[in-house]
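Enquirer: Residue strings, one per chain:
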Amino acid sequence: MFDWRWEFVGAILPRLFRATGNTVLAALLGYAIAMVLGLIFALAQRTRFPLVNRPIREFVEFIRSTPLILQIFFVFYVGPQFGVMLSPWTAGMIAIGLHYASYLSEVYRGGIDSVPKGQWEAAKSLSLSPVRTYSRIIIPQAIPPAFAGMGNYLVGIFKDTPMLSVIGVTELMHTANSIGSEHYRFLEPYTLVGLIFLAISLPTAGFLRKTEAKIRHKMGLR
Amino acid sequence: MEFLRTYGPQFIRGSVTTVEQTFLAAALAILIAVIAGLMRLSRKRLLYGSATIYIEIFRGTSLLVQVYWIFFVLPLFGLTLEKFTAGFIAVGMNLGAYGAELVRGGILSVPKGQWEAATALSMSPATRMRRIIFPQALFNMLPPWGNLLIELLKGTALVALISVTDLMFVARKINSTTYLSAQVFGTALILYYLMSRGLITPFMRWLERLMARKLGKML
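Residue numbers (my numbering), protein chains in the order written: chain C, 9 to 230; chain W, 1206 to 1424.
Hints were generated in silico from the structure; no laboratory data involved. Mixed in with the good hints, there may be bad ones.
Unchecked claim - Distance condition first, Cα-Cα at most 30 Å in a straight line; then the derived DSBU-like pairs of lysine-lysine:
id	chain 1	residue 1	chain 2	residue 2
1	C	K132	C	K226
2	C	K125	C	K218
3	W	K1317	W	K1419
4	W	K1288	C	K167
5	W	K1419	C	K167
6	W	K1378	W	K1317
7	C	K167	C	K222
8	W	K1317	C	K218
9	C	K218	C	K132
10	C	K218	W	K1249
11	C	K167	C	K132
12	C	K222	C	K125
Unchecked claim - Ranges between beta-carbon positions, derived for each pair:
id	chain 1	residue 1	chain 2	residue 2	range
13	C	V139	W	Y1384	41 to 51 Å
14	C	A156	W	G1403	28 to 38 Å
15	W	T1383	C	S95	22 to 32 Å
16	W	S1329	C	P22	29 to 39 Å
17	C	W12	W	R1414	46 to 56 Å
18	W	P1330	C	F57	31 to 41 Å
19	W	P1330	C	A130	47 to 57 Å
20	C	L203	W	G1254	17 to 27 Å
21	W	Y1384	C	F25	49 to 59 Å
All residues carry an ideal CB built from backbone N, CA and C; glycine is no exception.
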């Protein structure tokens, strides 16, 4: 029944740690894509042209209400049907990046909406260009209220990377699965994966909470 | 069209399983959320501590890891669950941890005067919670619960990986025999979209209106 083998743990840990690197890389890369795309989505929804903002709005809604794992399969398998071969990493990054871009665009939108109207008017009266209005006035003020949401999704994307294992990205879950089926032992690999996730996500969440407080303090909020 | 005629029934069967999983997981998640949420508000160290550990573990690791762990590792402890049961238990326990924080936040959002008024009427703590605090807390937390239930529906797609024959599983199976990936996964995506925006969202709106009427509030 229940027998935890320490020597097995010792044997597989180096391999799991290497895979952890891939997991972290996937999360950071996906998040970088999501941050940029999300900003584009958020700004596109603010344009006055219904031909732009409507489809983007619908697209974001659609992505947010369907499972990420299905989107990963979609991106990975639909490409080859039309002659575009995507590597697991590329497909995974596109899917996870798009998914979190949709979430982040909502966070950005909330942040931008929370900037008082007077700031827009002041920028206009100083005849700042739209680009300068956004880059110097609006976005710096939109960041503190958006920070908590952004932090949650950074931890969220990290926890969703195991789904990339289904298309063969060799991150933690994939490695644990391979170890499990090579040795017919699942207790240690799966438990260790859970512990590694805890060991990274809990301190990260704590760090983000502290940083948020610092930013608020700096901006003179609360 | 030809495609839907051939595979439609399979998609429907898969969707029914997904709805069942969602329903059972939601019931479990709500139950856990209320219990763990109340425990988090308790002054007793043991209650508060165990709820906190539960919430941190389930929110700190991946749902997929939890699904695998419950299905593959629990049997080693002598607790073997059928895949269908393991599936909704994993999803329910995961989302229940997120829900517990909503319950806690909802209860804390009830104005202090309500607590004091109930105490002044010499209500017992249990009656106060049941009759005064919880109904108002419930009303405050309904909108985030709508989002959580959509997350839960999406979460059930992961049970396909332990071979529960839900919508996701059916889609993968049809894809592996036909390679009509765009059609297969496209149909599945649309079905998930319909379930979340066509079932969950309107249901939550209805519930919000119902609660508003019961509490005598104007929306």
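Enquirer: None of the hints should be skipped; say for each whether it holds.
Expert: Hint by hint, here is what the structure shows:
1. K132/C - K226/C: holds, 26 Å
2. K125/C - K218/C: Measuring from Cα to Cα gives roughly 29 Å; hence the hint holds.
3. K1317/W - K1419/W: Holds, at about 21 Å.
4. K1288/W - K167/C: holds, 22 Å
5. K1419/W - K167/C: violated, 39 Å
6. K1378/W - K1317/W: violated, 55 Å
7. K167/C - K222/C: holds, 25 Å
8. K1317/W - K218/C: Given that 30 Å is the threshold and the Cα spacing comes to 28 Å, the pair holds.
9. K218/C - K132/C: violated, 35 Å
10. K218/C - K1249/W: holds, 27 Å
11. K167/C - K132/C: Outside the cut-off at roughly 42 Å; violated.
12. K222/C - K125/C: Judged against 30 Å, a Cα distance of about 25 Å means the pair holds.
13. V139/C - Y1384/W: 41 to 51 Å: holds, 46 Å
14. A156/C - G1403/W: 28 to 38 Å: holds, 31 Å
15. T1383/W - S95/C: 22 to 32 Å: Given a distance of about 23 Å, which is inside 22 to 32 Å, the answer is holds.
16. S1329/W - P22/C: 29 to 39 Å: violated, 58 Å
17. W12/C - R1414/W: 46 to 56 Å: At 53 Å between Cβs, range holds.
18. P1330/W - F57/C: 31 to 41 Å: violated, 57 Å
19. P1330/W - A130/C: 47 to 57 Å: Holds, since P1330/W and A130/C (Cβ atoms, about 52 Å apart) stay within the stated range.
20. L203/C - G1254/W: 17 to 27 Å: At roughly 19 Å between Cβ atoms, G1254/W and L203/C fall inside 17 to 27 Å, so the hint holds.
21. Y1384/W - F25/C: 49 to 59 Å: violated, 37 Å
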